[in-house]
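Place chain B on chain A using the hints.
The listed protein sequences derive, respectively, from chains A and B.
Each number in the working numbering corresponds to the 1-based position in the first sequence with 665 added.
Each number in the working numbering corresponds to the 1-based position in the second sequence with 665 added.
If you're looking for bench data, these hints aren't it; they were derived computationally from the structure.
Where hints are given, some of them may not hold.
If several chains are the same, the list does not tell them apart, and a pair holds so long as it fits within one copy or across any two.
As the list claims (entries may be wrong) - Lysine to aspartate or glutamate pairs mimicking DMTMM-like chemistry, simulated, CA-CA at most 25 Å apart:
#1 LYS686 to GLU807
#2 LYS937 to GLU966
#3 LYS757 to GLU812
#4 LYS735 to GLU812
#5 LYS735 to ASP794
#6 LYS757 to GLU807
#7 LYS735 to GLU842
Just so you know, these numbers come straight off a predicted model, no measurement behind them.
There are 2 protein chains.
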Amino acid sequence: MAGRHRVVILGGGFGGLYAAKALRGQDVDVTLVDRHNYHLFQPLLYQVATGSLSPSEIASPLRAVLRNQKNARVWLGEATSIDAEARQLILKDGSVPYDSLIVACGAQSHYFGHDDWEAVSPGLKSLEDAIHLRRKVLYAFEAAEREPDPARRQAWLTFVIVGGGPTGVELGGALAEIAHNTLRSDFRSIHPEEARILLVEGETRILTTFPEKLSAAAEQSLAELGVQTRTKVKVTGIDESGVTLSGAAGTERIESRTVIWAAGVAPSGFGKILAERAGAKLDREGRVMVTPDLTIEGHPEIFVIGDLAHVATDAAPLPGVAPVAMQQGAYTAHAIVARLRGGNVAAFHYHDKGNLAVIGRAAGVADFGTFGFHGVLAWLLWLFVHLMYLAGFQNRLLVFMRWGFQYLTFSRGSRLITGWPLQGEQE
Amino acid sequence: MAGRHRVVILGGGFGGLYAAKALRGQDVDVTLVDRHNYHLFQPLLYQVATGSLSPSEIASPLRAVLRNQKNARVWLGEATSIDAEARQLILKDGSVPYDSLIVACGAQSHYFGHDDWEAVSPGLKSLEDAIHLRRKVLYAFEAAEREPDPARRQAWLTFVIVGGGPTGVELGGALAEIAHNTLRSDFRSIHPEEARILLVEGETRILTTFPEKLSAAAEQSLAELGVQTRTKVKVTGIDESGVTLSGAAGTERIESRTVIWAAGVAPSGFGKILAERAGAKLDREGRVMVTPDLTIEGHPEIFVIGDLAHVATDAAPLPGVAPVAMQQGAYTAHAIVARLRGGNVAAFHYHDKGNLAVIGRAAGVADFGTFGFHGVLAWLLWLFVHLMYLAGFQNRLLVFMRWGFQYLTFSRGSRLITGWPLQGEQE
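Isolated chain A (complex conformation) (with noise of 0.2 Å):
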């Protein structure tokens, strides 16, 4: 008995969900392997790191997300290699035969060879990432609280973000609306709005995937916040007390106890693992070469989708963003029934249906290529496209809830200091 084809799919991102949902229904058996028993809704993740939104209403158990695929199973683990002649996934504990795979691991936060900077400088990869600068957002207003040194104590209300892409303007407007609203009574000895945000960024512009036009918008929107912007600098040291930016107008020292990063991702090290046993090749960064239906050169049976992939016909790899991963995920799918039933599909082509960011309070920027707008409108669309992908109508329905509450009152329910201490607590 030949048994059914077998896809083992690797990480329950949105390339890897999304494969296993489209795959529901067709004569195949699909493990989906994963170091986390959940799918983690990456984009609001910095809504958990502010306070507004608690862990679980961003993370679905992939059990309970694939309990009635009947043809679909989890298994938690982690990946530490591949047996590509044996067609074999290996696993830290054990391993995972498979006829079709399909690579989808992301990408991690990347500190351009300044790995030091990472114990200082948090990244928001993962929901530990969240929880661990929830903690140190919150702890530094407590610490000012209690700090009668006044370099000292706006040293803890410094609040630095390196990187000025999407989730860097997004963590800012959070940053600004919790200092200058939600704690704004919360404390006797401090004023929550002598917090100084500041938003770092290397290029000429914050939000540079986006037209100029929208990115001033941003700038302003920023502004009107209380966020300051600094553009065409960059960052050439963090320790616990600060960091040291470098322009055209010289070498800068600014003391800030929290330094934010969000300037880089990197893909995931499972590409290295493709390349050395498998023989794929990687771009300059570490994404997968893949071919245009998305495999890797002389194992078609090697998918690699999302932040993982680069398609090697194409000029630069597509944005690593949800929508690229989902659209990877079922093009994936598609193309293993396709195989099985002796056919083909054309190479993958993404469909750009255009760019979100929020700013804060009612202000967002949506671009649609040919079209863009900021405000409220932006805003809004920008809510309900996160609410309609967000997986579950529970966590839609509490979401929902949570940021009506916060619309109206200012407040954050999940405001919590959970955890371990941090380095530089308690001094």
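Below, chain B without anything else, positioned relative to chain A:
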């Protein structure tokens, strides 16, 4: 200028928070000191541990709770000692002067001299405990799904709860629901209904604070849910692979990867500090013996309330439940205000409004001294009372929704394995 009377409250649990709130609008300065930035609704902690609720739904930021109380401020800090002569509470990083001090730091899990059990058999007193336990419980099912050896698999699917008080009973009922309903369709290799849930109690019956008839009803309800109750059995050993029980029938070894400690609590270690530094007397368990007005002999300005207090004239200490702490908190506030006005208050008297415990879906027990009942009505009453006392309208609504969803769909929205790997994972 003498300044206003300074009331310092140590601990933001039920006792401390109700004391602070009862001082609203009074001519005193209130400082509430806590290690955490939130008030934790401990009676619902087991629902976080079992994935029903998310941490932020049962924890309210103290600053948010007290933001409109202008005479109160919150101080994030850890008390390490006291200078009773100089009237200073000593923190890890400073000190806080007081005119009246209210010590309300509660209790912690207690292993009766077996501190090594803590690592393998976590208790349930903090949010971190609950997240840790949630991880442990959910991981056990994941590990069982991957385990080919039947005996080892059964050990992963065996859950032992030590202690048949309300927490143990509620945990047992919740675990049974998870195993038999929530996860029923989620796994492919294992059948979660094969899970074995054991509730171990050293006394002759569970829920010893309830009348015998209600204990029997609770045991019956648990049996219907598939929870085995073992009374008159002592735990003599706990390690990573299981638990050793000792009863009239001899010694028995049960292989289990998940042993949960719901057996005992001990008063906070701050009692010992009060004994050493302020001459307080302790009872055998470490509670502070207090006068009928809840102060320490010789220090009428130091109040001790809640789980840490034992009124010297009472035969037995009051039960360590929220209503006692709440009433003592309010009493203390009134006593301080009365004294400032030159008056005095009568001795503290606890009004026992009844006793509730929930066993599972639509089953509970209620005891009102002169009468008691069990079943759906007790369960509804439990739901109502817990919702009513939960801090914050937003949390009340969110929890209500979660419970509604869960009742209708058996789903548990907060089933996340977060945090760091536990001992025994990925082996």
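Against the earlier hints, flag every one the structure doesn't satisfy and list their numbers going up. 5
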